[in-house]
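Add chain S to chain H, keeping to what the hints say.
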Amino acid sequence: TQELKAMLRTGIPQEYRCKIWRCIIYMRVKHKMSECGANYYSTLFKQNQSPGSKGLDPSAKQIELDLLRTLPQNKHFESLESDGTARLRRVLTAFSRHNQAVGYCQGLNRLAAVALLFMPEEDAFWCLVAIVETIMPNDYFGRNLLGAHVDQYVLRHLLSEKLPKLYQHLEQQGIELSLFSWFLTAFVDNIPVDVYLRIWDVFLYEGNKVLFRFALSFLKMHEEVIVKMRDSVAINQLLRTLGERHIDVRQLCYIAFCELNPFPYRTVKLKRQHYSQLVSNELQKLDEIRNSLPKHDRSFECESD
Amino acid sequence: MDKTYDYLFKLLLIGDSGVGKTCILFRLTEDAFSTTSISTIGIDFKVRTIELDGKKIKLQIWDTAGQERCRVIPTAYYRGATGVMLVYDVTNDKSFANINNWIRDIEEHASSDVETMILGNKSDVNDRRQVSRETGQQLATEYGIKFMETSAKASVNVEEAFFALAKDIKTKTDKQLASHPHSTRNTLFPYTPNAHHCCGKQGCK
Numbered sequence: 001t002q003e004l005k006a007m008l009r010t011g012i013p014q015e016y017r018c019k020i021w022r023c024i025i026y027m028r029v030k031h032k033m034s035e036c037g038a039n040y041y042s043t044l045f046k047q048n049q050s051p052g053s054k055g056l057d058p059s060a061k062q063i064e065l066d067l068l069r070t071l072p073q074n075k076h077f078e079s080l081e082s083d084g085t086a087r088l089r090r091v092l093t094a095f096s097r098h099n100q101a102v103g104y105c106q107g108l109n110r111l112a113a114v115a116l117l118f119m120p121e122e123d124a125f126w127c128l129v130a131i132v133e134t135i136m137p138n139d140y141f142g143r144n145l146l147g148a149h150v151d152q153y154v155l156r157h158l159l160s161e162k163l164p165k166l167y168q169h170l171e172q173q174g175i176e177l178s179l180f181s182w183f184l185t186a187f188v189d190n191i192p193v194d195v196y197l198r199i200w201d202v203f204l205y206e207g208n209k210v211l212f213r214f215a216l217s218f219l220k221m222h223e224e225v226i227v228k229m230r231d232s233v234a235i236n237q238l239l240r241t242l243g244e245r246h247i248d249v250r251q252l253c254y255i256a257f258c259e260l261n262p263f264p265y266r267t268v269k270l271k272r273q274h275y276s277q278l279v280s281n282e283l284q285k286l287d288e289i290r291n292s293l294p295k296h297d298r299s300f301e302c303e304s305d
Numbered sequence: 001m002d003k004t005y006d007y008l009f010k011l012l013l014i015g016d017s018g019v020g021k022t023c024i025l026f027r028l029t030e031d032a033f034s035t036t037s038i039s040t041i042g043i044d045f046k047v048r049t050i051e052l053d054g055k056k057i058k059l060q061i062w063d064t065a066g067q068e069r070c071r072v073i074p075t076a077y078y079r080g081a082t083g084v085m086l087v088y089d090v091t092n093d094k095s096f097a098n099i100n101n102w103i104r105d106i107e108e109h110a111s112s113d114v115e116t117m118i119l120g121n122k123s124d125v126n127d128r129r130q131v132s133r134e135t136g137q138q139l140a141t142e143y144g145i146k147f148m149e150t151s152a153k154a155s156v157n158v159e160e161a162f163f164a165l166a167k168d169i170k171t172k173t174d175k176q177l178a179s180h181p182h183s184t185r186n187t188l189f190p191y192t193p194n195a196h197h198c199c200g201k202q203g204c205k
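Protein sequences appear in the order of chains H and S.
Here the first sequence is numbered in UniProt numbering, starting from 1 and rising by one per residue.
Here the second sequence is numbered in UniProt numbering, starting from 1 and rising by one per residue.
Watch out, some of these pointers could steer you wrong.
Not close to chain H: a few residues of chain S, all C-beta gaps over 12 angstroms, as computed [unchecked claim]:
#1 Ala-32
#2 Thr-40
#3 Ile-41
#4 Lys-46
#5 Glu-51
#6 Leu-59
#7 Gln-137
#8 Thr-141
#9 Phe-147
#10 Lys-170
To be clear about the criterion: a stretch of chain H counts as covered by chain S if any three or more of its residues have a C-beta under 8 angstroms from a C-beta of chain S, and this derived list gives those stretches [what the hints assert, rightly or not]:
#11 17-29
#12 137-147
No wet-lab data here; the hints were simulated from the structure.
C-beta atoms are modelled at their ideal positions from N, C-alpha and C, and glycine is treated no differently.
Just chain H, with the same shape it has in the complex:
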């Protein structure tokens, strides 16, 4: 409802966050939960690895590599013995078996870890399902990260409409803006905790469009500074640390939800449609080039197998 939306945009008090996030997630995935049946989560661990796979599957390997590289500053995830680490491993493993088209993609670790800070393990698993399968567009975390690539084009297009001065300046400086890390982690990257939690409050309820609202809001906050800069290195440096700078959350939200209006979902959707053809052609071309080159004797472990 509009009322709930407005309330969430002002931020959920910390003591209610756990409860409200879980309600939103339940709303999003209850049909999937009833399809999968009770005990679904625990049955995911009883399956053996798919028979054809040699050794440890690539998802499991990558999960192990990332466990301690997820939220290393947080006491729940700082060592292999920390209580959160084992839960993180199980949530990511369960998800990689539940959604085999995605398996495990770097970025999911941070989404799962943040969920684990606020809810029990099984709910955190469903939170990941909600984000990947109901909030984000299809193919976002899949083999080619198609959706994430498309959104970088959409972002640049929106930038040209909403902040034309900044867009022009970046063009002149030869900088092609891309913010993969924010879009693949819902802003759990180089941003203070209190800021990304506020983003999650609305992200979980309203959906993926708010990622653009916030990305543009961060950029707008620094627009005046950036357009005065004449050194592309310095601009790149600033762009990589946008979120680390002192951020006034209220101002960030005000820009995101008031100054950037109107922001209809339809335009985002149309832009996504427009660019997804272009990007998938590009990715296909890359695949073809890759396959046409002489193969060296040993090749990458194929993730899609």
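Okay, now just chain S, sitting in the frame of chain H:
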């Protein structure tokens, strides 16, 4: 804002996930090693200015995510790169085997005169070593590119490696500048539209 450097070299750091790319960069830019590292998502960026032959050289280094499906993200960055650091982990033979594939990526996407160097990282870990120094050197020799073993943790050869790569790039740039004063625009920074930045050199306008 005036430039405080004579040259700008854009470098790309690639290699399998977990080989220590970000730690190498952290050692280079902060001269420190952190046991709590965080996996790189998408692409990241760091800068270090060094001095070579009395010239200030700014190294703009793109750090990348190593997971296979992220390999396409830096495609656009290969085009503008003048150097590539290709990293494997001496305690992980799979990461060494994949060097061949990363080299294919360079051949596909980078400009033909890009300077490349192979680094075998984690050279301080001897009890779990799977790739000998000789094997690493041999592969680099086959491809005709430079090779060093490094340890970001013990601070071995990280500076040396980047200095060596920068020196090769500088030599090549100087040679090109001497023979065709304006040609570098097309070969080194093909996607930098601003003419003032054509070769990263002050005064080249």
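Q: Run the C-beta distances from S:Phe-147 to all of chain H and say if the shortest one exceeds 12 angstroms.
A: holds, 17 angstroms
(Q) Closer than 8 angstroms Cβ to Cβ for three or more residues is the test here. Does the segment 137-147 of chain H pass it with chain S? (A) Per the Cβ count (4), the hint holds.
Q | Beyond 12 angstroms from every chain H Cβ - status for S:Thr-40 | A | Not fine: 8 angstroms to the nearest Cβ puts S:Thr-40 too close to chain H.
**Q.** Least C-beta distance between S:Gln-137 and chain H, which was stated to exceed 12 angstroms
**A.** Answer for S:Gln-137: holds, closest chain H Cβ roughly 18 angstroms.
Q.
At 12 angstroms, judged by beta carbons, does S:Ile-41 keep clear of chain H as stated?
A. violated, 4 angstroms
Q. Does S:Ala-32 really sit off the interface, with its C-beta more than 12 angstroms from all C-beta atoms of chain H?
A. Check passes; 15 angstroms lies beyond 12 angstroms.
Q: Verify that the Cβ of S:Leu-59 lies farther than 12 angstroms from every Cβ atom of chain H, and report whether the claim holds or is violated.
A: violated, 10 angstroms
Q) Would the least Cβ to Cβ distance between S:Lys-46 and chain H come out above 12 angstroms? A) violated, 8 angstroms
Q: Could you let me know if the closest chain H CB is still more than 12 angstroms away from the CB of S:Lys-170?
A: holds, 17 angstroms
Q | Verdict on chain S covering the segment 17-29 of chain H, criterion of 3 CB contacts below 8 angstroms | A | violated (count 0)
Q: With 12 angstroms as the threshold, tell me whether S:Thr-141 passes as away from chain H on beta-carbon distances.
A: S:Thr-141 is indeed farther than 12 angstroms from all Cβ atoms of chain H, at 16 angstroms.
(Q) Just want to verify: S:Glu-51 was marked as not at the interface with chain H; is every Cβ pair farther apart than 12 angstroms? (A) holds, 17 angstroms
Violated hints, listed in ascending order, are 2, 3, 4, 6, 11; each of the other numbered hints is respected by the structure.
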